[in-house]
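Colleague: Below are the chains, spelled out letter by letter.
Number of protein chains: 2
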Amino acid sequence: MNRQWILKERPTGMVGPQHFELRTSPVGTPAAGEVLVRTTLLSLDPANRAWMAPSPTYKAPVLPGEMMHGFAMGEVLESKAEGFAKGDLVDGMIGWQDHAVMKASDLTKRDRRHRPEHLMGVLGVTGLTAYHGLLDVGMPKAGETVLVSAAAGAVGSIVGQIAKIKGCRVVGTAGGPEKCAWLTRDLGFDAAVDYKAGNVRRALREACPNGVDVYFDNTGGEVLNVALFLMNLKGRVVCCGNLSQYNAEKPEPGPAAVPGLLVVKRLRMEGFIVMDFADQQAKAVAELAGWLAAGKIKAAEDIVEGFENAPRALAELFQGRNRGKLLVRV
Amino acid sequence: MNRQWILKERPTGMVGPQHFELRTSPVGTPAAGEVLVRTTLLSLDPANRAWMAPSPTYKAPVLPGEMMHGFAMGEVLESKAEGFAKGDLVDGMIGWQDHAVMKASDLTKRDRRHRPEHLMGVLGVTGLTAYHGLLDVGMPKAGETVLVSAAAGAVGSIVGQIAKIKGCRVVGTAGGPEKCAWLTRDLGFDAAVDYKAGNVRRALREACPNGVDVYFDNTGGEVLNVALFLMNLKGRVVCCGNLSQYNAEKPEPGPAAVPGLLVVKRLRMEGFIVMDFADQQAKAVAELAGWLAAGKIKAAEDIVEGFENAPRALAELFQGRNRGKLLVRV
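Here the protein sequences come in this chain order: A and B. For my numbering, count along the first sequence from 1 and bump the result up by 1. For my numbering, count along the second sequence from 1 and bump the result up by 1.
Careful: at least some of the hints might be erroneous.
[As the list claims (entries may be wrong)] Here chain B is said to cover these stretches of chain A; the calculated rule only asks that three of the stretch's residues, wherever they fall, bring their Cβ under 8 Å from a Cβ of chain B:
| id | stretch |
| --- | --- |
| 1 | 216 to 226 |
| 2 | 256 to 265 |
[Unchecked claim] Dumping the calculated BS3-like pairs for lysine-lysine here, alpha-carbon to alpha-carbon at most 30 Å:
| id | chain 1 | residue 1 | chain 2 | residue 2 |
| --- | --- | --- | --- | --- |
| 3 | A | K284 | A | K299 |
| 4 | B | K235 | A | K235 |
| 5 | B | K266 | A | K60 |
| 6 | B | K266 | A | K104 |
| 7 | B | K142 | A | K60 |
| 8 | A | K142 | B | K266 |
| 9 | B | K235 | A | K284 |
| 10 | A | K251 | B | K197 |
| 11 | B | K142 | A | K235 |
| 12 | B | K284 | A | K251 |
| 13 | B | K284 | A | K235 |
| 14 | B | K110 | A | K251 |
| 15 | A | K167 | B | K235 |
| 16 | A | K235 | B | K60 |
| 17 | A | K110 | B | K266 |
| 18 | A | K284 | B | K266 |
| 19 | B | K266 | A | K266 |
| 20 | B | K284 | A | K266 |
| 21 | A | K266 | B | K9 |
| 22 | B | K110 | A | K235 |
| 23 | B | K266 | A | K235 |
| 24 | A | K251 | B | K251 |
Keep in mind that the hints were calculated from the coordinates and are not lab data. Values in this document were obtained by computation on a predicted structure and should not be read as measured data. No residue lacks a Cβ here, since even glycine has one placed at the ideal position from N, Cα and C.
Using the sequences and the hints, build the whole thing.
Modeller: The following block contains the structure:
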């Protein structure tokens, strides 16, 4: 039997297990061009929550009664598609289910020489988001200051490490002293600011004595507004996510510094999603794999065991419990 | 004697004549490297108001007791500087005074073959702001929709006309039916929306049936927020000014669509000021002069006679009385 997590009702505030229900149905059979996949790792990402909102994002929202959408990795159990064979490692929008019959064209074959957890993190969507967002949108130069919010998260932790490779001063925000210590001690950040400790503006000003040239924004909210005041002339704000708002019952007002400070300081704020850079994926994965092999990037994964725990793990993502990439092992 | 308008006190809300006082002092004498200039045209711009705010912009604020800052044109009366001669036409940050002793290096000689009013408008800072902001920051392509706010103003009226030259569908916002009619009837805009008539969101949606690819933002405020919802994927928001907020006693919250919609639609919002493009000025002025001579751009000027009327004219700028470039003839 196939197990699926169904969105029972649309959350209006913090998402939790009460919004999901488990449903079982027979495992399907692949038709021509399709494969049967057994899910092995489920990726939990802040975007999952955004997809539950009524307003469409870059993809259609998940509707109540539908299986929860999600990026995942799996192993091909049976193939009716050319180029795919039993045992192949694949990833794609498999959804929250432990078996899936999918069009092979909606899946990507991955390289078994890498660890599956790495393929779902630093060598997957997460790492590519950090790589393209920082390098192609943020365009940091050596010696510049790069600030990243949610720096202990999956994307943020990679952003900071790539910025260090590029010779930047790197400052991150995270929730709590343990995460902050992890950033500076284990990941090589130059400074970390605990946004829960109060007076974020002052703490960030002290951590960024030369201002901020690139702000990689995973959160929106207060850190974004403060960052705009710290930006240097011609600074770049990479808009990657709005984590602080996804569970808000009532959205906060936007940053008061927009558009005034954008003009005065000639700032560029630019949103992106990783699919925009799909044509450069092979090169980017190769470079990330090189840094990983050379020990220049540490891959941090936070793995929750058991498909049945996916809804709880998603709630915990927004409570800030994880460090690095949050995965569910199915 | 030299007359100067002095900022008497910093306005907290709408600026008016009560914030200025006239002071007279002897006309100075140029030293080596300096020239004596008689002011002929004073440029009134929304930025004048921003310079009175306590927070610095791209230049130091005007302090109470100081002469009001302002861009102006004048004629050289006496020169002690190489390359400058009596009778030369010059412009620069002369300030609100009818005579000035200035370093020649702070002035630009202008071409007498053009009308002085054009040199202060479409062939000056105003036209260059429209030109570089639209073409170098907004990067419109033929067939795209360009929306511009404060479209009946100095910069907006040129932005719209350049966008038409580039083959775009052009929509402007302005205050009142007369200005809107002027935009579509005289300046060739495809549509105009009266932001004072209510339901701006609906009116803009109807005026932009294919969405907005480039939004040239002179105003911030409501039009910016609505525009963000109308932007197409990969749209560009050119941040030129924040007219709706310069006289606000309490700044409005920022646009709620930032940063969420920037991510979802991969938008770029970018601020600029015309000085950033100083190295391209000659080419840009030549192109603008060509369009003007060919009748592809109409220069609109609103000229107030008399230096003594400068404070009143500035207040009227924010009451939306002018069409096109507001100048004071000294």
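Colleague: If a hint holds in the structure, say so; if it doesn't, say that too.
Modeller: Checked hints:
Restraint check on the stretch 216 to 226 of chain A versus chain B: 4 residues with Cβ-Cβ distances below 8 Å, three needed, restraint holds. Interface restraint, the stretch 256 to 265 of chain A with chain B: holds (10 residues with C-beta to C-beta distance below 8 Å; minimum three). For the hint linking A:K284 to A:K299, the alpha-carbon distance of about 19 Å falls within 30 Å, and the restraint holds. Among the hinted pairs, B:K235 with A:K235 is consistent with the structure: their alpha-carbon atoms are about 20 Å apart, no more than 30 Å.
At roughly 11 Å between alpha-carbon atoms, B:K266 and A:K60 fall within 30 Å of each other, so this suggested pair holds. Of the pairs offered as hints, the one joining B:K266 and A:K104 holds, with about 27 Å between alpha carbons and a cut-off of 30 Å not exceeded. Restraint check for B:K142 and A:K60: the C-alpha separation of about 26 Å stays at or below 30 Å, so the hint holds. Restraint check for A:K142 and B:K266: satisfied, since their Cα atoms lie roughly 26 Å apart, inside the 30 Å limit.
Under the criterion of a C-alpha separation no larger than 30 Å, the hint pairing B:K235 with A:K284 is consistent with the structure, at around 24 Å. A distance of roughly 28 Å separates the Cα atoms of A:K251 and B:K197; the hinted pair therefore holds under the 30 Å criterion. The straight-line distance between the Cα atoms of B:K142 and A:K235 is roughly 24 Å, inside the 30 Å bound, and the hint therefore holds. Straight-line distance between C-alpha atoms of B:K284 and A:K251 comes to about 49 Å, which puts the hinted pair past the 30 Å bound.
The suggested pairing of B:K284 with A:K235 holds, with an alpha-carbon distance near 23 Å, which does not exceed 30 Å. Straight-line distance between C-alpha atoms of B:K110 and A:K251 comes to about 55 Å, which puts the hinted pair past the 30 Å bound. A distance of roughly 27 Å separates the Cα atoms of A:K167 and B:K235; the hinted pair therefore holds under the 30 Å criterion. Proximity of A:K235 to B:K60 is assessed by CA-CA distance (about 15 Å); at most 30 Å being required, the pair is judged to hold.
A distance of roughly 28 Å separates the Cα atoms of A:K110 and B:K266; the hinted pair therefore holds under the 30 Å criterion. Our distance criterion of 30 Å between C-alpha atoms is met by A:K284 and B:K266, whose separation comes to about 25 Å. Of the supplied pair hints, the one linking B:K266 and A:K266 holds, its CA atoms being roughly 24 Å apart against a limit of 30 Å. Between the alpha carbons of B:K284 and A:K266 the distance comes to roughly 25 Å, so the proposed pair stays at or under 30 Å and holds.
A hinted pair counts as satisfied when its Cα atoms are at most 30 Å apart, and A:K266 with B:K9 qualifies at roughly 28 Å. Using a Cα cut-off of 30 Å, the hinted pair B:K110 and A:K235 holds, with the two alpha carbons roughly 29 Å apart. For the given pair, B:K266 sits about 22 Å from A:K235 by alpha-carbon distance, which is consistent with the 30 Å threshold. A C-alpha spacing of about 22 Å is found between A:K251 and B:K251, which places the hinted pair at or below 30 Å, so the restraint holds.
The structure fails hints 12, 14 (numbered hints given earlier, in ascending order).
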